[in-house]
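Visitor: First residue of the sequence shown? That's 0 in numbering that gives the first Met the number 0, and the numbers climb one at a time after it.
Only true hints are included.
Dumping the calculated EDC-like pairs for lysine to aspartate or glutamate here, alpha-carbon to alpha-carbon at most 16 Å:
hint, residue 1, residue 2
1, Lys27, Glu61
2, Lys27, Glu51
3, Lys20, Glu61
4, Lys27, Glu47
5, Lys67, Glu36
Derived by calculation from the structure, the hints in this document are not laboratory data. As the structure is a prediction and not an experimental result, all values here were calculated from the model.
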Amino acid sequence: MMHPYQDKTLEQQTARIARIKQDRDPAKLEQALSALESCAHKGTNLMEPITEAVRSYATIGEICHTLKQCFGHYRAPTGV
Numbered sequence: 000m001m002h003p004y005q006d007k008t009l010e011q012q013t014a015r016i017a018r019i020k021q022d023r024d025p026a027k028l029e030q031a032l033s034a035l036e037s038c039a040h041k042g043t044n045l046m047e048p049i050t051e052a053v054r055s056y057a058t059i060g061e062i063c064h065t066l067k068q069c070f071g072h073y074r075a076p077t078g079v
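The task is simple: from the sequences and hints, build the whole structure.
Guide: What follows is the structure, encoded as structure tokens:
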């Protein structure tokens, strides 16, 4: 393991994220992720909708999942 961490730290972060997900406003989150998806489909600037999603307590995974639905899974070009 490159950067060791204590098991307690993992437990604390997992509990913290669970509390955040439980306490956030689901309607505000859904609206923010929908706006992000809409802008991604239109090809407009994504900074504001990503910022709003973060303010709505969306996780990085939720934001990335939304963008992946629009753009697909990125595969770096290979070859010389």
